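Participant: Sequence:
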Amino acid sequence: RTMQSYCTFSVGGSLSVNAHGITTDHCFAESVVAFRVVTVDEAHNVAVQTCTPVDELFGLVLGGYGLFGIIVDVTLRVADNAQLEMDAFMMEDPAEFERVYE
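Counting in our numbering, the sequence shown tops out at residue 112, every number present.
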């Protein structure tokens, strides 16, 4: 449901910033079913846990820039990619803008 402007971004990087789509208002986190994350506490204990949307850590990790843990795998809800076409034209008169986008 969400694709960034370029297809060269990694899945992990897109999750860590909770990227938004170029052609949609959805953010990448809305496609996440679950993920496993490696966390470390103040005593340097390492834990691997599975997170789903009901877990508090889910919202912290997605968009957390790696501050709350490192995502090691993810299950995503995906959709077919569609080819988009773009039409471009020049408007000579700025007053035309409102009429064109109504």
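Hints in this document: simulated from the structure, not taken from any laboratory.
There could be a bad hint or two in this list.
Stated by the list, open to error - Okay, the calculated beta carbon distance ranges per label pair: (1) Glu95 x His30: 30 to 38 Å; (2) Tyr111 x Val21: 28 to 36 Å; (3) Tyr16 x Glu102: 29 to 37 Å; (4) Glu40 x Glu106: 33 to 41 Å; (5) Ser20 x Val43: 25 to 33 Å; (6) Pro63 x Thr34: 29 to 37 Å; (7) Gln14 x Ala105: 17 to 25 Å; (8) His36 x Glu112: 19 to 27 Å; (9) Ala44 x Gln14: 17 to 25 Å.
Keep in mind that this is a model prediction, so the values were computed, not measured.
Using N, Cα and C, we set each Cβ at its ideal position, and we do this for glycine too.
Participant: Next step is simple, just say for each hint if it's right about the structure.
Facilitator: Quick rundown of the hints versus the structure:
1. Glu95 x His30: 30 to 38 Å: Since Glu95 and His30 have Cβ atoms about 22 Å apart, the given range 30 to 38 Å is violated.
2. Tyr111 x Val21: 28 to 36 Å: Check passed, 34 Å falls within 28 to 36 Å.
3. Tyr16 x Glu102: 29 to 37 Å: 32 Å, holds
4. Glu40 x Glu106: 33 to 41 Å: 36 Å, holds
5. Ser20 x Val43: 25 to 33 Å: Between Ser20 and Val43, where Cβ atoms are some 19 Å apart, the hint is violated.
6. Pro63 x Thr34: 29 to 37 Å: 19 Å, violated
7. Gln14 x Ala105: 17 to 25 Å: 34 Å, violated
8. His36 x Glu112: 19 to 27 Å: Roughly 25 Å apart at Cβ, these two residues keep to the hinted range, so it holds.
9. Ala44 x Gln14: 17 to 25 Å: About 22 Å separates the Cβ atoms of Ala44 and Gln14, which means 17 to 25 Å holds.
In the structure shown, a violation is registered for the earlier hints numbered 1, 5, 6, 7, in ascending order.
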